[in-house]
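K.L.:
Listed here are the chains, written in short residue letters.
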Amino acid sequence: MDLNYTQEQIAFRKEVRQWLADNVPAKPLQSFDTTEGFAQHREWEKTLAKGNWGMVTWPKEYGGRGCNLIEWLIFEEEYYRAQAPLRVNQNGIFLLGPTLMEYGTPEQKARFISKMASGEEMWAQGWSEPGAGSDLAAIRSKAIRDGDEYVINGQKVWSTRAVFADWVFCIFRTDPASEKHHGLSFIFVPLDAPGVTVRPIPQLNGLPGFAEIFFDDVRVPVFNRLGEEGQGWHIAMSTAGFERGLMLRSPARFQETAKRLVALYREHANDILDLSIEDAVVKCFMDAEAYALSTYQTASRLMNGGKIGAESSVNKIFWSELDQKMHETALSILANRAELLPEASAAGDVGQWLDGFLFAQSGPIYAGTNEIQRNIIAERMLGMPRK
Amino acid sequence: MDFTFSEDQLLFCDNVKKFLHNEVTADSIRASWETDTGRSEQLWQQLVELGLTAMLVPEQFGGLGMNELDFVLLAQTCGEVALPEPLVETALVATPLLAALAGQDSRCANLLEKIAAGERKVAVGHAANHLVSDAHIADYLLLPSGNQIHLVSKDDVKLTAQPSVDPSRRLFSVDWKVSEETCITNGVEGVGLLAATLNRGALGAAAQLLGLAEAMVSMTVKYTADRHQFGKPIGSYQALKHHMANCAVKTEFAKPVLYRAAYTVSQRPLHADFAVSHAKVSAGEAALLAAKNSIQSHGAMGYTWECDLHIWMKRAWALDKFWGHAGFHKNRLHQWLMNPNAKIGADKTFGEQVA
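The listed protein sequences correspond, in order, to chains A and B.
The first sequence begins at 0 in numbering that gives the first Met the number 0 and counts up by one.
The second sequence begins at 0 in numbering that gives the first Met the number 0 and counts up by one.
To be clear, the hints were calculated from the coordinates, so they are not data collected in a lab.
Heads up, the beta-carbon is just placed ideally off N, CA and C, and yes, glycines get one too.
Among these hints, one or two may not hold up.
[Said to hold, decoys possible] Computed cross-link-like contacts, DSS-like style, restricted to lysine-lysine with a CA-CA straight-line distance of at most 27 Å: (1) A:K108 x A:K59; (2) A:K59 x A:K49; (3) B:K17 x A:K306; (4) B:K320 x A:K306.
[Unchecked claim] Computed, partial: chain B to chain A, Cβ under 7 Å: (5) L9; (6) V47; (7) A345.
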């Protein structure tokens, strides 16, 4: 164990810090759930890609830097420290990207990865259906083979950013006689294909962050299938591992929120009547630290040849509940200004806490609800009986 | 940057773990309650032979010259088996204190060699703990008085047993007279050593608390797989699964915090307060939750003397308050965090390391 950065790692941090200082837009971008905001974020992705900072852990041939996980953590720490824009293509780069590298053919990698990294093609995720939420294996949308094509019919829902994205990666039933997690395949669909209808669903903040997607005899080439026919569930679970595991929510994001929370508390310390707030602030800070330490531990283990397992479920519960707690605490400090939208003239310096609070409500729900994660921990990590 | 234990550290811990799991069982612990001292001299000598009392003793005094990070996994294992013997207090808390003074004080040097060899035992008092544990089997006691630490022979103290809810714990109030002859350190040095002793004590308690938490979860998982109601194992019900999953989340996230604390105590001892307090609070919460959810999952059986759960549960309740209760450690965290100059933020997890 050596909890000091190497000279190379320190130099890398400086390089990242400098590049971000030179390139992060001075004015915060608009929400990526608006047309203008989405375009601004796409531009930012292109800027990142030009500097080869889009996905530092990816191989150089795909526009990455071949960084190891410790360097990735350093990059993320600097990224959030610099208050750089959120990653609009996160479903693509953090989830599909690693999955493609593991299961894609050389031709698929050549076709999809670079355009994803460059910000040219934005990705949405199409897994849930009206009848398949926590019970994801209840998927009914079908992709039926017809020569070199699949013909797709059905409906997906809760597709994040599908309103503005270019592509969606889905799981469809390719064997109509199959049940549960058998007979599913992992297939990419361009959102401008004939027969695709995208209907926006406004989220809590009123913006169309979600969409439902209808497929009506949509034809895609067999080339768009990742892995073997029928292997969809297996591939999806490895994607879900990335989602809940290491990549999607790097600790830096929560550490910076915790830092802002401490600052907010210090600023308002004299007006706070609720004694439990002080304890909550300290607890939030400690938990953000714990999440960082845990991620460093996992990263080190993976670099020494270990594998990520059921701890991805432990992670997901921890960061999503921490995010909720931090924002709840911030709103408690802001007291009766907490409900005000930033444009309210009486809002003063309430900042982004309300927006973050609304978003934090989704954490325990998406990427597999925390109730499902608790079942996974109990059954797969602790060995409790399924039935 | 590498946040893993070395192969050697893991292998050593594995070997001791096997030994302890064989030798220390619920039955052997219950048997120890019926003895006068509650302690087994035979087991202690086996621990000595494994080199465990000598681990943090410098090589020049007959020890292995290892550090707190090398010991932390063992301390966790001591919690896992609910070891009654004061191995953590001896090896992790007492010997580094004696080692710090051994260069200037031959009494400390001699005692250190004898502890490593299993010929003498020592108990440690501290202002954070009102009572001294295992004072009854100690040949010498390390006792605080203001900024001073005294090394006092068992012949010069009067012990009064103070029974604990945990029948394995043996606590004593100590009557003794401060004298110049027994003083081994004072002033600034004394303050520093008392502070470092507290941090090692809290680190050892935190490690044991995590071991206790994991042991309680694993015995509860087993119990709920065996116990049937409504025609199914009760462990198949989601309510109980979630009780156990909540324990696992707490424990998993307390571990890296504990290991960072052990690393900091061994490498940057003067900057370890925050890391240690974080570890003690997190481990305490994990162990208390494990106790609460375990007894609930055991039902009425968990409320009996006969069920082994209470051996672990009571130790957790006790150690959570030992070497600084949650209030003490949360206060240290609060003081640290609310200092306007506190170095916090995503780039400072391991302190300020940017040139």
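K.L.:
Now, for every hint given, state plainly whether the structure supports it.
P.N.:
Do the hints match the structure? See the list:
Of the supplied pair hints, the one linking K108 (chain A) and K59 (chain A) holds, its CA atoms being roughly 13 Å apart against a limit of 27 Å. Among the hinted pairs, K59 (chain A) with K49 (chain A) is consistent with the structure: their alpha-carbon atoms are about 13 Å apart, no more than 27 Å. About 25 Å separates the Cα atoms of K17 (chain B) and K306 (chain A), which keeps this hinted pair within 27 Å; it holds. Restraint check for K320 (chain B) and K306 (chain A): not satisfied, since their Cα atoms lie roughly 36 Å apart, outside the 27 Å limit.
Residue-level restraint check for L9 (chain B) is violated (minimum Cβ-Cβ distance to chain A is 11 Å; threshold 7 Å). Below 7 Å, beta-carbon pairs count as interface contacts, and V47 (chain B) has none with chain A, the closest being about 27 Å; its hint is therefore violated. The closest approach between the C-beta of A345 (chain B) and any C-beta of chain A is roughly 4 Å, which is under the 7 Å cut-off, so the hint is satisfied.
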